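J.: Sequence:
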Amino acid sequence: MTDLLRNTHRSLIAINGKDNFNFLQGLISNDIHKLNHNNCLYAAFLTAQGKYLYDFFLLYQNDTIYIDCHTQQKDSLIKRLGFYKLRSQVVIQDISNNWVIGYIYDSQSPKLFDLKDQVGYTKDIQHSIISIDPRNKKLGFRLYIPKSEYSDFISKFSLTELNDDTNYERLRINLAVPDGTKDLIPEKSTLLDYGFDHLNAIDWNKGCYIGQELTARMHYRALTKKALYTVHLKGLPPEIGTIIMHNDQEAGEMKSSIQNIGLALLRKEIIDMNIKHFIANDTTISL
Numbered sequence: 276m277t278d279l280l281r282n283t284h285r286s287l288i289a290i291n292g293k294d295n296f297n298f299l300q301g302l303i304s305n306d307i308h309k310l311n312h313n314n315c316l317y318a319a320f321l322t323a324q325g326k327y328l329y330d331f332f333l334l335y336q337n338d339t340i341y342i343d344c345h346t347q348q349k350d351s352l353i354k355r356l357g358f359y360k361l362r363s364q365v366v367i368q369d370i371s372n373n374w375v376i377g378y379i380y381d382s383q384s385p386k387l388f389d390l391k392d393q394v395g396y397t398k399d400i401q402h403s404i405i406s407i408d409p410r411n412k413k414l415g416f417r418l419y420i421p422k423s424e425y426s427d428f429i430s431k432f433s434l435t436e437l438n439d440d441t442n443y444e445r446l447r448i449n450l451a452v453p454d455g456t457k458d459l460i461p462e463k464s465t466l467l468d469y470g471f472d473h474l475n476a477i478d479w480n481k482g483c484y485i486g487q488e489l490t491a492r493m494h495y496r497a498l499t500k501k502a503l504y505t506v507h508l509k510g511l512p513p514e515i516g517t518i519i520m521h522n523d524q525e526a527g528e529m530k531s532s533i534q535n536i537g538l539a540l541l542r543k544e545i546i547d548m549n550i551k552h553f554i555a556n557d558t559t560i561s562l
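Here our numbering is used: the first residue of the sequence shown is 276, the next is one more, and so on.
Source of the hints: derived by calculation from the structure; they are not laboratory data.
Fair warning: this is a prediction, and the values are worked out from it, not measured in the lab.
Backbone N, C-alpha and C define an ideal beta-carbon position, used for all residues, glycine too.
One or more of the hints may lead you astray.
Only pairs whose alpha carbons sit at most 27 Å apart, straight line, appear in this in silico DSSO-like list of lysine-lysine [as the list claims (entries may be wrong)]:
hint, residue 1, residue 2
1, Lys354, Lys457
2, Lys457, Lys386
3, Lys551, Lys509
Here are the in silico distance ranges between beta carbons for each label pair [said to hold, decoys possible]:
hint, residue 1, residue 2, range
4, His312, Glu544, 44 to 54 Å
5, Met548, Ser423, 54 to 64 Å
6, Asp399, Gln524, 51 to 61 Å
7, Arg496, Ile460, 19 to 29 Å
8, Ser433, Gln336, 21 to 31 Å
9, Pro421, Met548, 32 to 42 Å
Produce the complete structure using the sequences and hints provided.
T.: Listed below in structure tokens is the structure:
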């Protein structure tokens, strides 16, 4: 039996219409033209000033572009997409109630669905969509199953439903992959501070999109002064946003955590000094 983590915190938006590709191309950080039936994408939507608003996954099936976003962001994202729609011939629909979204992160599982060992590889199986995580294939793969077919699907492939995401969160944090709704601050955070350039979320060769100027400037001029690191905790996990100190010097801030590990946004100049141990409140933090 293979474990399937059912994620009730994700939503699915459908973008239909003849302009759906061109409509999204001017809005997102990745190149929408790399999206096809066999390749999914990870991307972000920024403010005009280049600050984070949303991050999401994109899939394509039967002329429809699907956006997999956090449920917290869904309504706001739909509203913002509608704002930019103007005369584009697209239809934006919330179809979350019709689908189940899940993860499988067992290293042997790609064989179950005969998937290529390729980041972002996507395959249609019995009206469902299976994709290797486009951020990092070590995160396993994502499943999008029509709700009406969910029971038959998990039975056919001998899947066991899980609701506890502890192991998945440990995997995500060990790989230093941020969770947009936990780790980034809308209208304040920048993608490069959080390693989105290493998560296949940014295309440096595509044309203009909202927020491109700051993102490109930080990249080409090497202006990034912070980075996200996996840290080990000794003591109670600090709350997100807790300041991390080295002696009397501010080194960064705490991000998401689980059990004895977490993510920390640290100043690169501190890391370059080969400093490995920090304090946040009464908790010892180590790289």
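J.: Hints broken by the structure, by number, lowest first?
T.: 2, 9
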